[in-house]
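> Since each chain comes alone in its own frame, lean on the hints to assemble the complex.
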Amino acid sequence: MPSLALEGLTKSYDGATEAVSKVTLTVADGEFLVLLGPSGCGKSTLLRMIAGLETVTSGELSIDGRSVANVHPRDRDIAMVFQNYALYPHMTVRKNLAYPLKLGGVPKSERNARVEQTAALLEIDSELERRPGSLSGGQRQRVAMGRALVREPSVFLMDEPLSNLDARLRMQMRSEISQIQRRLAITTVYVTHDQVEAMTMADRVVVMNKGRVQQIGEPTEVYEHPANLFVAGFIGSPPMNFFGARCAGGVVTVAGREIAPAGTLEADSAGSVTGVEAVVGVRPEQIQFGAAGPDELAMAGKVAAVETLGAETLCHVQVDLPGVTVEAGEVTQGDAGANSLLVRTPGNRSDLSGQDAELRVAVGSLHVFDPSTGKTVVSRHGTPRDEPRGSEAENRRGLEDSQT
Amino acid sequence: MMRLTGRRRAAAGRDSEDRLYRSRLDRTIMTTLLIAMAVLWLVPIASAIDRALVFNGWRNFSEVITGDIGGITLWQTYWNSFAIAALHAVMVIAVSSLAGYGFAKFEFRGKELMYYVTLVFLAVPATSVLVPLFFITRELDLRDTYLGVAMAEASLTMPFGVLLMRNFADTIPDTYIEAASMDGASHLRTFSGVFLPMSRPALLSLGSLSVMWSLQDFLFPALLLSDHGKTTAAQAVFRFKEYLAVTPDDIGKYNASLVLLAVPALVVVVASLRFITRGLAAGGIKE
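Residue numbers (our numbering), protein chains in the order written: chain Y, 1 to 404; chain B, 1 to 287.
Same shape as in the complex, but just chain B (with noise of 0.2 Å):
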């Protein structure tokens, strides 16, 4: 056995020191960053919150939550907002599964092309295409439906997507879909019965993300849907105003109703922030 002279020892010992030191170091400044970063994410949320409260109190939030703003409550909005992200998330999901599956699976011409071509979408702004699609939707006759701005949310989630799920796709061995195939499963069984259940974590991922999105988005509710009863709660933001922000005793109740519109998304990302993260990470390693 090796045995330490005391030179060394003492040596060893200054050097564990030393790393210890480092490392409490090392996490004394990132706990500071980490807390001051906080802070100022926290400031805008806290001064909402501040203003929230001016006048009545709690009880602009109360009147808020029970009241009819404008025509509408915030419940509808709250609903409108979740239809739309719900129909958002389903065809994101389905589109960009199948086009996954397909990029990663299958052979054939012009595929590298194609994929590229998808994703260059990824930088169009959404404004560029913001009159195209107000055109499209009309005549579609999908204006002042939740389908019609769904749609066109999907329209921008969507190459995001088929890069996420191809990326996911890849990692899964081509085996599993050989094996299927001998098993004596069509490519839509293939599909729907060996790659959907082992794509969970990437689905959920890309489902928890278009339900974020759309409940944040306020450029399409805004073009699209001009029935105030189909409202959404971003949208409200700027509705609300009309009604609360006139008078000097309303300002309290708008800046409530600013608050708890920001609800639905931070549920959202709270709850599926497993999901997401899961998600994502498992696109980027080759198994």
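Chain Y on its own, in the form it takes in the complex (with noise of 0.2 Å):
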């Protein structure tokens, strides 16, 4: 049985816009789901439905088959680890993890046994006299994750917390609250504007967008097999590199040599508005300096800037190919003049730059999209992308529901 089910959860304030609009999935017993989208997608919303701190407009919401959608946060049996940690500053350590044990009626001596195991799990037991305010940030950050396992409920909440912390510290905590998460089985939704947390960690991502989800997917299926246009440019740093194709006789192409068939594009929507008849995409791993093969597409350009990162370099390289602007997943302008094109290269490469270049990638590594939908219609490896991938029907069945 699934630990959390969401049936086409909406939020609506003034009752015309939508902040979260027909989410459905579930969440299995364990798993760890992490919400993933720029700031004002809607994750933040969605995790406040679940955790009852938000009003549901419409839909159903559910807990160990339970339907909690208009049950108080302290009866839905979950736990929340806030971004600002939100400690008591007036109570010690042991105070803040035994408020909710003592709110919930557990005798003292259960209390402190539960407070200790838990300040012993998480590595604070010798803070447990102390203030929130005398602690550094990723000691409050265990007693926050403390206070929300002390209670062990069904489901534990997380928004963006570890965005308080610095970026060493942050790659720490990333790799605990995974450990711990794991150790616990305890099922997880983590919100997160960082797509690093979420592919490090989640057992599954949530990608959203304007209120909507775009795809829910494994990290590396995510990846490798974006649902749309959305998906591909927020997944993946450095972004995907974006150009025009023509797309006529049933098949598209790039700079005259045909990529892939062009399915129900051409039916559908080539030639739209933008001017744009078929997106390509391409990771900046997947293009490499050099002739092309014959299951390659070959570009040739110059060297425009480079930027070295130390194990490997970023170059910004000025091909002739048609170029299209994508923002937030939608195609807004189409530009026949050249465009550039980022190349992700091992090592130390700063002598490229001003050169004239070669580059090859391989035919299979393309993405196609509709500019006029954003959808996905040949994803990498030449995968016909006719319906949205998801690990569950339910799923599938969610993202359908809300991309309509």
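Because the hints were derived from the structure by calculation, they are not lab data. Please note that the accuracy of each hint is not assured.
[Said to hold, decoys possible] Taking lysine-lysine and the DSS-like style, the derived pairs with C-alpha atoms no more than 25 Å apart in a straight line are:
(1) Y:102 with B:105
(2) Y:210 with Y:375
(3) Y:95 with Y:108
(4) B:241 with Y:95
See below:
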């Protein structure tokens, strides 16, 4: 039985615009689900609806099979870690941890035992008599997790818990949270705008934009098979390169070379308002320098700028391909002129700066998108994308619902 | 490394000297102004102490402290003042903290209108509600009681209290309230267990100000307390005149009583100045 189930969950503040629109998904027992998206995409609102801190406009929400859409937060058997931790500053760490148990009527002896046990798990047992104000950022983070874990809830919610930490501590806490979650096998819904957190911690990722679910899947699946232009552009750092392509005679062609069958693209929407017939996307690491082979697309250009990152180099290469402007998953403008491609290559290649370069990219690694709907027509490795990908039938249905 | 040429170094030196000179000049002017203001404030107090020493010197003070003046001692007036001030502060804190919490953390129809109507009463002078308050207190059978005076005073202090507490409550992130709610706390438990302890600076400030204002209040005790035994320190300034300012010999004692009657409010201000400033400043910062 799924631990958490959302069915057409919708939130509207004014009755006209929807902050969260028809979200349908299930979270399995012990699963780590990450809600990922840019600021204002509705992911925190969705989490707060699950927590009971926001009312549900329409839809169903159940935890362990029990409908909780109209149940008070304290009666939902959930716990939450807030972005600013929300540790009570006037209480010691011990009292902070014990507070939910005290309110729950847990006897003092059991309360103390559970506080000690949780503190030991999170390695904060030596800080129990200190106040939150005297703790470091990492320690506060652990106390906030402890206060949520000590209740042994059915579902554990986390709202951007690492956003207040510095980069080094964030990396450390990322790994610790993952380990604790797996050790305790506690169902977790985690909100972040940081795709690195999503990719490294999640069992499954829910990518959201403008209140709607864009794609649900395992991190690698979302990266390799983005469902649409938004996911393709949002997931990946540096982001995917996009350029325009022709679509005629049932095939998509780039620089005169056939790269994929057009499928539904030609019949549905080729030659849309943007003037772009098809949008092709390629990850920066899929482009290589050198002469193209038989299954590769050849491009010639000039390296305009080089960014050396130590282990790898990012090269901005000007190529003679039609450019497209993609904003928040929508093609806003076609450009027949030159385009700049970002190429990620290993090692230090600062010698390439200002050089003419030949580029090659395997045709099978190109993604083709419909410029009018933004949907993926052909995914990497040539996988046709007639149906959106999802691990479960419910997720597929939810995705379809949310995209209508 | 950048090296300064001789001319540049000299210019930089002159610049820093100018700044030093200006800051010294500023400091001197400010200190002089502050001393002048302090002297101006001290003149009436010094004059009162000087008048309190006429005829019998310091004995005027000891006689006022130990003696009975028109059926009441100075200590009794202190007690009456503090009893009313404490009741007043408790009422103001209780109502203002609840109202401030409600206005800051709850959404309800007409919230802002109610808040602004409350604030409008900041502008209502005590004299304009004197007569209604007199009749209300009489109807409630609270004349000649500490509670009656404290309630009347609280009616005028509360708008400020609500303003202060709402401003402070606005600086407390909603996530604390939400966290308490998720931890299983009821609204009242969240208010008492989370909001009140976190509002300590504002509550101390409001409490101190309430006590101070009540100790200084002459109007409501004069209106609502006719029982001599319940005379407050501020009211005694007027009542002692009937008994002490009749003979030239007693003028010194009367002036000594005036100085001593100012002591409670002064002590409260000195003791709580830290809380008052901290609480007022905390309310003004959005963290």
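> Between residue 95 (chain Y) and residue 108 (chain Y), does the CA-CA distance stay at or below 25 Å?
With Cα atoms ~12 Å apart, residue 95 (chain Y) and residue 108 (chain Y) stay inside 25 Å; holds.
> For the pair supplied as a hint, residue 210 (chain Y) and residue 375 (chain Y), is the alpha-carbon distance within the 25 Å limit?
16 Å, holds
> Check the hint pairing residue 102 (chain Y) with residue 105 (chain B) against an upper bound of 25 Å on the C-alpha distance.
Status holds; Cα separation ~24 Å.
> Could you grab the alpha-carbon distance between residue 241 (chain B) and residue 95 (chain Y) and see if it respects the 25 Å cut-off?
57 Å, violated
In this structure, the one hint that does not hold is number 4.
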